[in-house]
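Chemist: Sequences listed follow chains A and B, in order. Position 230 (the first sequence) corresponds to 230 in our numbering; numbering is contiguous. Position 22 (the second sequence) corresponds to 286 in our numbering; numbering is contiguous.
Heads up, none of these hints are tricks.
Here are the computed lysine-lysine pairs in the BS3-like style, where the Cα-Cα straight-line distance is at most 25 Å: (1) A:K132 to B:K620; (2) A:K28 to A:K250; (3) A:K92 to B:K620; (4) A:K154 to B:K632; (5) B:K396 to A:K154; (6) B:K533 to A:K92; (7) A:K154 to B:K605; (8) A:K92 to A:K28; (9) B:K605 to A:K92; (10) A:K132 to B:K465; (11) A:K40 to A:K28; (12) A:K154 to B:K620; (13) B:K392 to A:K154; (14) A:K222 to A:K250; (15) B:K632 to B:K620; (16) B:K392 to A:K132; (17) A:K132 to B:K396; (18) B:K632 to B:K392; (19) B:K471 to A:K132; (20) A:K132 to A:K154.
To be clear, the hints were calculated from the coordinates, so they are not data collected in a lab.
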Amino acid sequence: MSLDTAAPDNTPHVASVVSDEVVIELSKVNKWFGEFHVLKDIDLTVYKGERIVVCGPSGSGKSTAIRCINRLEEHQEGDIIVNGTVMGTNLKNIDAIRRNVGMVFQSFNLFPHLTVLENCTLAPIWVRNLSKVEAERIAMEYLERVKIPEQAEKYPGQLSGGQQQRVAIARSLCMSPTIMLFDEPTSALDPEMISEVLDVMVGLAESGMTMIVVTHEMGFAKRVADRVIFMDQGEIVEQNTPEEFFNNPKSDRTKLFLSQILAH
Amino acid sequence: MTDTMQTDAVFHPKPSMPPPPNTVGVVGWMRKNLFGSLVDGILTIGCLALVLYVLNSVLQYTLINAVWTANSYRECLDINKGEGACWAGISVWFNSMMYGRYPDPEQWRINLAFVTLFAWMAPFWFPKVSGKMLVGASAVLTFPFLAAQLFLGGETSLFHQAMVSVALVLFITVWLHVGTSYLMGRSIGDVLVGITGFADKDDRLHKWVHMGFFGVGFVLAFLYQSSWEFVEVPITVWGGLFLTLVISGIGIASALPNGILLALGRRSKMPVIRVFCTSFIELFRSVPLITILFMAVTMMPLFLPVEINPPKLIMVIVAVCLFSAAYMAETVRAGLQAINKGQYEAAQAMGLNFWKMMALIVMPQALKLMIPNIVGSFIGLMKDTTLVSIIGLYDILLMAKAAGQNPTWLGFHTEPLLFTASFFFVICFCMSKYSQHLERTIGGGYGRR
Ligand SMILES: Nc1ncnc2c1ncn2[C@@H]1O[C@H](COP(=O)(O)OP(=O)(O)OP(=O)(O)O)[C@@H](O)[C@H]1O
Ligand SMILES: [Mg+2]
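Just chain B, same shape as in the assembly (with noise of 0.2 Å):
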């Protein structure tokens, strides 16, 4: 101990003093990250300087040059010289990107499909709705029959009828299930036991009172779809968005559950279905979607008896399947590799049999931590569809292209390329947000501290 210490006995803590003006604030932070150094003032600038061209230069293009009435290419480089967008042509081009050559008076049924989907889907994002499980399985399960009927039309098969008639009497269970959660705060299948009287019976009699419901939904929804008459639409004149979403929303629907059987094949313990797997995956990965989708077009007919002769259409849906399955297994199965071995043995010590086990407890983690990768395969599919052009499907990219090959609009390609290239960023750009947002909520999470 010092002198001086001691002397100090009390303790004075000295006063804080604001920073050095220059430091702190706007003007701090401009010193300290743009203008450190000469060099760093110097880039500074030109970066600046750079932005501001680019920006100017686009907003020339897109709005200030840009020309909004034209009846052709010819008008609209008359009126702006070919310094502004034509957007007059996309307003002409706009139907045949959206869907292709399919009439005109029949593309409310596309329409109807779509926003029947969305509105399929949605009670997922409501909060009180239970059991959205179910509510996205019957989705997946028989939207797709529905969505055939209404896009192809004409005659269809019995099984078809019945399977459109689920589909329905599921839809409308959906949104009833909806009104009652919300109004009355109970499940639909609760509500249908309370209005017959079977509440306070056995559990096990429940079930046959929502089968009795089902079956005369089913019925009625039967009598209702047997009476439309659907002008037949020939799949050879799909095209535009409305193609690329069907190529590519099947491909994404199929790729996660075959995905998980692909998976779970590889690490099967029975040689057979292992190796079986684990070829399919490798040959699928390391061959570009390109070659197969031309393999498909050119190579699959001459397999095939001559009587069948599948639409190329189905041959390139098969074909994106099948990729996108294989791709998809691999990230299940790194998904699966990250349980680790003890939440199997307490399945199994429980009795669990191995479906239930992968089902209710391996599946369920395994799927939640692997959710970036797999909405990045879905984005990536997305955008892979765009392939199919090349080899004559007119999806909206090839469409896009079409347009400016009309003569009367010969050159036109710059535009109808910005609004393809704009669609896919937003949808793409939706996903990835929406999987960084269910990466926050739920991404393995689990109420942990």
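So here's chain A without its partners, still in its complex pose (with noise of 0.2 Å):
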């Protein structure tokens, strides 16, 4: 896909500090969709403000996997430890995972009934029991954040694309999460908007966020991310450094993805 659509090449890398605390940790999670085997042994650590690209083929499983560190999807086999808590059938702890994590989906899924600044509002005033005036508060924070205060009174059928996942971003953020994962954040934008998307995620990134983005965004990857993990058939193939991946890549297997992906 684009290589060029967010960053030239030569754009400098964004400065990173990884402590080595570590907030996500998978050891071995297998996942089944019925008879299908969609995560096979995924092992994967993630450590503080480490920022982290995955990409691979439709239908590796990308999208399963970063929905199981929040469970939207539940896993069968393994241990997923978030922020230290142990995810399980137990709804306290899946309680205080999300509230710690936000994300952003392909698809905005903003409330479309609510106000761009009701969403943002909305889990602040009813899971974090802030007063209105002080949700109101940090959401016009992050709605200047990603630029788009004066829109705050309309409905989301009311913006563009680019505008409507920059909202969803602001509404994640409102939560305070120390992780915010992103599905394919621009896979759904017209090519104009989704540089302002990935410029906001580039802020993000610089503030010292700890991200996983799933993303075809090549430029994205070499310029924001710390490590770039490729997924196929429900496996971690490999994993690596932005310049050791593009520029050196182990597997045939990714060898080959990459040739299809910068093809074009």
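Fit chain to chain and form the complex, with the hints in mind.
Modeler: Structure below.
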């Protein structure tokens, strides 16, 4: 796809401050959809402040893997530990994890019956028990950060795709998460809107947020990622720093994927 | 390129000509739609004659030959030979058709209750009033207690008296809220906080200010209502339009909450709840209402202990509530099905629990989609309640029939039925128009371009 939409190759890599504190730990995670083995022995350790880009062909299990991290999907085997909390059937643990993990979807999933501002204040008011005034102050702060404070009173249906996705990012940030998950945040956007969303994500990376991003925007990966993970058929095939991954891929499967994706 | 086109280098548009006569205007429209061919012409004239004939008959019956004052049906017939309506009878029977055998000196209680209900719901249509959901919820949850006290009278339990007091406080609060909203542009809650000087304190203290005012109001209301002395009116003398509205009102008010719970239960992951809700819905949807009503009044007493012998009306209301809940559950479920999976996922990812997700995200969207269907089942229920006349409850329909069986008014059948029908028409037509209005204004538009 677009090597050049986000940033030219010579843009400097966003400085990262990766601590040695582990925030997400997946060990031997297996998941099946009925008979279909969709995740196979996934092992992954994410450190605080680390930015990880996940790529791979369609149907390889990327979405499923990151959706297991906030329990939108249930895994059957293995352990998932987020911020020291073990993911299990315990609802309290799930709630605790979800409060700390924000998620941005490919299809935005804004609430169409609420205004942009109400979208952003809903969870802070009802989950974090903030007062309305306080929640609105925080919401406006983040809407300014994603550069659309003037749209606060509009409904999502009145915004462009890029604007909607920026609202969705602001909405997640209003819960003050420590980890952000992005599932192909730019795939549903027209080319000219992709960069406005990626700019917001780069800004978020600069602020030191821990991020896991499923994307095919290789320019973004080169500029922001600390680590690139390549998945195929439910397995992590290769993981490496972006320079090594793009210039020096080890497995043949990765080489084939990169040649296909960079062919356009 | 041909020569002609080259010579015509400059383009001269032809001037617009008027259309041929007889194709536009009234004449044109009539030629096209009414008299397009010989057959069309014959049909048009035939229909016109039919319409005029019917109109004439209706006018003859309802106005020209109608009798407005008479003391018996015989008198009416003597005057107009049965060729016109006997509206005199309606004014004689009006009171019975409205209130049944409810004693005349106590009927103001019924009127007061209905006026209160309308006054309670009216702020819903005032644009400047905030917190409409709270207004609606307060009415739905507490008005029934107030109404029961007014309708039944007599001694009541302490709990009932407490609920009546709550209802009084909430009703007055709603109208104070309307007052402050229009005069000061602020909600009653803010005004109270402002008066007491808590405005600049922590938000969480405001709740206690509200509680304090509510407590004081509650005590006053309780003292006031304990001075009430209403004569007891037994449930068995209730009747007429009043009874119809009580049954259908309770059925309608309970249908939505119960239907939502049943619909959620049917989609639940817990097998026991799912099987129970599914069987309940399917059972009540596959049995005619009249069967359920018969079962309620003839068979239920056999299963209940002898000491508990609830009046027929209570049984009927329970049956109507169960029936309407089952129908509403399917309507709500259809609405839930239309909500995108992404909405659930986004709500979950933000940490909303199941009930908050349903109440804040899913239900508002699903219900807005289903407004026409919901109002449709309300209208159906409203009309279905006339079935209670078959099991001998004197609702407006049976009262209408009873009029014609009275010795002085023997044979007086058509007019009461017309009168009843016009009542149902007005009520149901208003509901239907209002639902169309709701659909246009909020039905899923969300300010979309
Ligand atoms: N709810 C489900 N039930 C059954 N199978 C599913 C379900 N969700 C996903 N799958 C299957 O699991 C596999 C992995 O899906 P996933 O969405 O994780 O892929 P992906 O890597 O995100 O692909 P894409 O790039 O197309 O988004 C796919 O083959 C998909 O068909
Ligand atoms: Mg995916």
